[in-house]
Amino acid sequence: MTDQPINITPSRWQRLKDNDIYWSFINSPGAMIAAAITLICIVAVFSAPLIAPFNPFDPSQISLWDGKLPPAWAEGGQSQYLLGTDNQGRDMLSTILYGGRLSVLVGIAAVCLGMVLGVSLGVISGYIGGATDAIIMRIADVQLTIPGILLAILINGIGRAVLPIEVRDEFAIYVVILAIGLTDWPQFARVARGATLVEANKEYVQAARVIGLPSWLIMLRHILPNTLRPVLVIATIGLALAIIAEATLSFLGQGIPPTTPSLGTLIRVGNEYLFSGLWWITFFPAIALVVLVFAVNLLGDWMRDALNPKLR
Amino acid sequence: MLAFILKRLAQSVLVMAVVSAISFSLFNFVGDPVNNMVGQDATREQRVQIRIDLGLDDPILVQYTRFMGNALQGDFGLSYRIKRPVDELIFERLPATIELVFVSAIIALVVGISLGVYTGIRRNSWISRTVLSTSLVGVSLPTFIIGIALIYLFAVILRWLPSSGRGGVVDLGWWKTSFLTVDGWRAIILPAITLSLFQLTLILRLVRAEMMEVMRTDYIKFARARGLAERSINFVHALRNTLVPVITIIGLNIGGLIAFSVITETVFQWPGTGLMFIQAVDFVDVPIMAAYLVFVALLFVIINLVVDILYFVVDPRIRLGD
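Chains A and B, in that order, give the protein sequences.
FYI, in the working numbering the residues of the first sequence are 233 to 544.
FYI, in the working numbering the residues of the second sequence are 44 to 365.
Note that these hints are calculated values from the structure, not bench results.
Built from N, CA and C at the ideal position, the CB exists for glycine as well.
Be aware that a few hints might be false.
Between beta-carbon pairs, the in silico distance windows are [unchecked claim]:
hint	chain 1	residue 1	chain 2	residue 2	range
1	A	Arg441	B	Ser168	51 to 61 Å
2	A	Ser260	B	Ala268	15 to 25 Å
3	B	Trp218	A	Pro281	54 to 64 Å
Listing some non-contacts, in silico: residues in chain A with all C-beta distances to chain B over 10 Å [claimed, not checked]:
hint	residue
4	Ile265
5	Arg392
6	Val465
7	Asn529
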């Protein structure tokens with residue numbers, strides 16, 4: 233026995249490196265590639281104002297004469313428009329970057345809404361139990377039997393119909409976020425409730441109860457942080473689904489208006505020119521969407537395996 | 044058993060009550076129905092008269108009871124835009140949707156089950172690997188992108204198939220079918236493939252997983268030891284036992300097909316109920332929206348009820364566990 237103090241608090245970096253999730257991450261090349269692509273996509277779309285060659289919302293930079301130009305490498309393409317231009321003469325690369333930013337933002341906002349709603353209801357449901365639990369989970373069950381995209385279309389449709397026609401485009405983005413968020417929550421509620429049921433019987437929660445902490449504080453400070461692992465997995469997969477849902481709504485003409493296009497709106501607009509052979513107006517936004525969704529999906533798949541103790 | 048069904052039934056009725064209340068409130072919160080029915084230059088007296096004729100000055104509960112009574116008889120009033128009874132419009136459009144869903148379901152089942160059986164038995168062949176990785180990509184692709192890609196390839200570049208509409212239809216009196224013309228069959232191919240692809244991958248993966256599990260069981264080993272032909276083992280002994288979960292998900296899949304038919308119908312301008320709903324939302328045609336809402340909810344309630352009861356009948360473990 234020595235009297236030398238043992239270093240019981242390793243550095244943060246050391247703790248990160250010892251973490252099982254970190255280990256799993258650097259040992260699965262698929263996850264690293266997916267994370268890299270996701271990161272590149274997200275950094276690219278959020279720095280759109282810095283890296284995009286043009287600003288598609290600035291009328292002084294758009295010229296109708298340059299409309300419908302093919303990509304730079306094709307015949308008739310111009311070098312300053314790498315991926316060609318759309319029907320209004322906007323540079324495709326720039327519109328995709330700005331549109332992607334909107335898609336990612338809507339996706340994140342919708343998932344956050346669904347997560348906050350679902351996790352709070354799930355934790356309350358699991359901790360309080362009884363009739364509250366029965367009612368909340370029955371609603372979630374019923375909602376889960378309806379395919380998400382159909383529900384999102386219905387909620388979005390009602391939301392748009394309730395708004396007066398003058399402000400419909402202005403608020404379209406919030407209606408879309410609300411529709412997708414309200415569709416998402418049962419997944420989160422189920423997972424959070426499951427984790428809460430496990431945690432609620434553990435000794436630290438009993439101890440907290442014995443010293444007289446109010447229920448809301450126990451839920452917020454003690455149970456909530458311990459439910460977040462599985463919630464993170466659902467959130468990642470949910471992000472991919474939310475981005476698809478937004479693109480689908482916009483493609484149906486029920487989502488983001490063409491004045492501030494998202495990827496789905498771009499595909500919708502481009503679709504009208506597909507028959508005249510102007511394939512690039514649809515093709516590049518579609519590819520951007522597929523790559524983004526695929527990368528996020530792969531990341532979610534890896535996370536599900538890495539964070540699931542049953543599979544280890 | 045009876046208690047279980049009654050419980051589910053009560054729940055279904057509750058769901059329908061909530062959905063119909065929502066669709067009823069649409070009429071009151073979305074725009075002014077009188078404005079939707081008369082022109083700009085209608086006089087004040089005319090508006091009041093219409094209001095009384097429509098019963099809009101009655102108490103809300105009376106209105107709700109009347110709405111429910113009419114809805115139970117399939118009457119949702121006149122479409123604001125087309126000025127025709129909504130139930131008539133829905134029944135006119137329904138055959139198109141049902142035929143599309145039917146063909147897609149057949150494609151998804153036949154191709155999904157056969158590929159699932161194949162990939163489950165020949166796990167390591169290169170065909171299985173290709174099919175599986177393609178199916179992964181298929182899950183990530185949004186439906187409308189698959190539709191656009193098919194249109195571009197087969198309608199724009201190759202010009203083999205039409206890109207939109209139903210083609211020629213034959214009127215059977217109460218049912219307009221596109222199954223009786225070559226044109227109709229050509230028109231249904233692309234939308235049906237688009238709609239079936241997602242469900243196909245789900246069925247494929249499920250059958251494959253079940254197949255792999257069954258192949259490991261003792262009775263398959265015993266059948267092999269008895270020297271039965273490989274084909275008879277695969278199809279008579281193994282496949283049959285994988286079908287129980289498949290049958291139960293078919294019901295849920297029909298729900299999925301109907302949901303995604305809204306998207307597919309818009310991509311291909313297929314004149315079905317989904318396209319009608321999207322157009323109704325564009326024009327804030329409340330009666331159609333309300334009717335579609337109730338219609339879809341009813342469909343899902345029935346599907347879930349049937350699937351629940353099927354589970355109960357098919358799987359003895361649920362009966363004993365309850």
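Which numbered hints does this structure break? Hint check: 2, 5, 7 fail, others pass.
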